[in-house]
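As given, the protein sequences belong to chains W and U, one line each in that order.
Those letters in the first sequence? Residues 1 to 389, by the working numbering.
Those letters in the second sequence? Residues 1 to 389, by the working numbering.
Bear in mind the hints are in silico, worked out from the structure with no lab data behind them.
Careful, some of the hints might be misleading.
Pairs involving identical chains hold if they fit within one copy or between any two copies, as the list cannot separate such chains.
[As the list claims (entries may be wrong)] Derived lysine to any residue pairs resembling SDA-like cross-links, with alpha carbons at most 25 Å apart:
#1 K21 <-> R251
#2 K33 <-> D202
#3 K228 <-> N182
#4 K226 <-> M2
#5 K33 <-> P223
#6 K33 <-> D192
#7 K270 <-> G103
#8 K43 <-> S253
#9 K304 <-> P211
#10 K270 <-> D44
#11 K21 <-> P198
#12 K389 <-> G60
#13 K14 <-> D135
#14 K321 <-> T257
#15 K14 <-> E175
#16 K277 <-> R252
#17 K228 <-> G259
#18 K43 <-> D254
#19 K270 <-> G42
#20 K389 <-> I255
#21 K21 <-> N136
#22 K21 <-> G141
#23 K33 <-> T231
All values derive from a computational prediction rather than experimental measurement.
Each chain, letter by letter, is given below.
Number of protein chains: 2
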Amino acid sequence: MMRDVAIVGVGMTKFGEHWKKGLRELISEAGIKAVDDAGISGKDIQLIVGGSMSSGIFAGQEHTGALFTDYLGLNPIPAIRTEAACASSSVALSTGVMAIQSGRYNCVVVGGVEKMTDVYGGLATTALAGAMDRDNEAHFGLTFPGVYALMAKRHMHQYGTTREQIAMSAVKNHENAMHNPNAQFHRKITVDDVLKSPLVADPLRLLDCSPIADGAASLIIVPADKAKQYTDTPIYIRASSQASDTLSLYRRSDITTIGATITAAQNAYKQAGMTTKDIHFAEVHDCFTINEIISTEDLGFARKGDGGRLLQSGETMIGGKIPVNTSGGLKAKGHPVGATGAAQVIEAVEQLRGDAGGRQVDGAENGLTHNVGGSGSTVVVHIFSRNRK
Amino acid sequence: MMRDVAIVGVGMTKFGEHWKKGLRELISEAGIKAVDDAGISGKDIQLIVGGSMSSGIFAGQEHTGALFTDYLGLNPIPAIRTEAACASSSVALSTGVMAIQSGRYNCVVVGGVEKMTDVYGGLATTALAGAMDRDNEAHFGLTFPGVYALMAKRHMHQYGTTREQIAMSAVKNHENAMHNPNAQFHRKITVDDVLKSPLVADPLRLLDCSPIADGAASLIIVPADKAKQYTDTPIYIRASSQASDTLSLYRRSDITTIGATITAAQNAYKQAGMTTKDIHFAEVHDCFTINEIISTEDLGFARKGDGGRLLQSGETMIGGKIPVNTSGGLKAKGHPVGATGAAQVIEAVEQLRGDAGGRQVDGAENGLTHNVGGSGSTVVVHIFSRNRK
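Only chain W is shown next, with the shape it has when bound in the complex (with noise of 0.2 Å):
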């Protein structure tokens, strides 16, 4: 019988552009911020796992499992860094939930870093462009907006997804995060902003991208059995799952959809003992716009090709049938990429706790978040709960 895991803790910093800091400084307010939360002290952690995906191109600087650990002032425990692109800090979520699942730890950090702004824009790119396939796609040029405009045209061509549905997405998530105050961008923009915005990659203009960002996000684990010992709201994890799919785009048989985030999602539904009608909020992986409509059907939410419908019907707003991207998600709360995962898991957990303020979806009890590496070479999926069954 494996052990359940829930969550006792959560910090992060604002997403931005951190002139002043760096990657230890964000490290250490993030985790700072959720030790605090949790109650605990530094005496108290055993292990940390912590997500980057390129510091080494960004800051120069590997071996971030060991900056955290000593940044945090928490030597001699070990750490682990985790990388798999956009998913980094998911993966260590995951790998934290092993580690407490394999009763050699009983608290752990996890968290996520990434420190993007402070290089110039073309080694941004070539950083990032590391998590598509170098010797065939980035090598000839492909860069991530083009990667996900490839999908965008196919999308539009196969279902009749309109330009404006894809703008609508980035018109959502740029309201919602008006009420997060850890939000890069706050700046209600319409459909003809994003579809006057410069173009970017064809289809996808500026305001359909995911900005460049520095930021940290932290979370405190547990054994669900001691959680209640931390604080009276544990957020329980009720799945946490990953699939793996082709490096390269082009190897797929089919660019509208992202094979890992179904076979993730399903397990994960299974793992829950859920399905997608329990589920009453989401995070989705918004790199860039047409990757919300994706997601939202290869998640169930929609079916295949109705995403962009769906997003137009209103349900995907707070207030609607399932909300999507209530933080602002990585459109306008902003993506260090290292960071997002742990990030969407810190808007779950404000959900369920009650805590998210003007962007609360009432009476929220179960929510899922979606991680993607790259085109979706990597995926991961967790589903939160109140209730801890």
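Since chain W is already given, all that's left is putting chain U on it; use the hints.
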């Protein structure tokens, strides 16, 4: 009660300059050899945990977990990339052990890879410097030969360790590598050769330094209960232990010792219920010759300060009391950083199976591996045995 874990298959590439092989080819070669050795098929594998240190800088490729899964033909199973500088694949093993212990997985591929040669020289030094404290060390010009040169100078000053004793590590390890077909160098050297080789960072010379290399190594691990289904000679993981210390060298109170080695080793002996007397051979992290001396002390094979004298006594040679780096060590087997930890484990497995040929330690029942990240910010110690208890 935690599950015991056993190794039932191993495979590695030759270490060295592989000008016609990239990450994909290296991973595939090592992975397929390990799968063949275990007599399993891809369908049996449920998880990959793969270490690499700086594939982003060396090869423009992050997301190497997905690369592993993809190029071993194992989609959609999950993959975790671990990174802890030169200890990346030992952290992969400890993470894989947790994965088995969690009860979620019954057959895991653990591996490591690094492709280091196909970059211009300065970039390799830059990449490797990501293992130290970028902001406070590398930024001011410190390199890794410099880090270990500081440790060597102080060790010589404090304990009377001689330049000749330090050289003897390289001489022994080149001798051992003569019997290892996977080693990068098959060339005997003398103390005089070391002392006359070009000065790199005083007192360390070229032949004190482990080489840049390409390579990959893989292991198949399963619950000990199921190991005999796969092989008549499973090798049991009796201890898996990791510790952290400051990222930067200058913040340590004593640079003649690596505190994280002491912590990790003491914990490992306790886990295994063994003392140094029970260990019949050790693979230790000789990234630079001086570190073999420091490590044999910190692991308890010599009293503090006596590591040079232990080496000079011949007791760490094959046939001695405690053979060290029978594989040739990082110095002569080669040091493709992300693959090194897994390759140390392969040496332990071959010794314990009695398959080590001309470098076999007679009657070896238990062996230890010791893998260091950076200047000792991460240390992982594993103990292996022919016997389950």
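To see whether the hints hold, each was checked on the structure:
1. K21 <-> R251: between (40 Å within a copy, 21 Å between copies)
2. K33 <-> D202: neither (41 Å within a copy, 44 Å between copies)
3. K228 <-> N182: neither (27 Å within a copy, 53 Å between copies)
4. K226 <-> M2: both (15 Å within a copy, 19 Å between copies)
5. K33 <-> P223: within (20 Å within a copy, 38 Å between copies)
6. K33 <-> D192: So K33 and D192 fail the 25 Å test inside a copy (39 Å) and across (57 Å) alike.
7. K270 <-> G103: Classified as both; 23 Å inside a copy, 17 Å across copies.
8. K43 <-> S253: Cα proximity of K43 and S253: across copies only (21 Å, versus 50 Å in one copy).
9. K304 <-> P211: neither (28 Å within a copy, 53 Å between copies)
10. K270 <-> D44: between (33 Å within a copy, 21 Å between copies)
11. K21 <-> P198: neither (30 Å within a copy, 41 Å between copies)
12. K389 <-> G60: Neither: 44 Å inside a copy, 44 Å across copies.
13. K14 <-> D135: Between copies only: 23 Å across chains, 35 Å inside a chain, cut-off 25 Å.
14. K321 <-> T257: For K321 and T257, the Cα distance is within 25 Å only inside one copy (22 Å; across copies 60 Å).
15. K14 <-> E175: Only inside one copy: K14 and E175 sit 17 Å apart there, 56 Å across copies, limit 25 Å.
16. K277 <-> R252: This pair counts as neither: shortest intra-copy Cα distance 29 Å, inter-copy 55 Å.
17. K228 <-> G259: Close neither inside one copy (38 Å) nor across copies (36 Å); limit 25 Å.
18. K43 <-> D254: between (50 Å within a copy, 24 Å between copies)
19. K270 <-> G42: between (35 Å within a copy, 24 Å between copies)
20. K389 <-> I255: Classified as neither; 36 Å inside a copy, 51 Å across copies.
21. K21 <-> N136: between (35 Å within a copy, 15 Å between copies)
22. K21 <-> G141: between (32 Å within a copy, 22 Å between copies)
23. K33 <-> T231: Classified as within; 15 Å inside a copy, 49 Å across copies.
Going through the hint list in order, the structure does not satisfy hints 2, 3, 6, 9, 11, 12, 16, 17 and 20.
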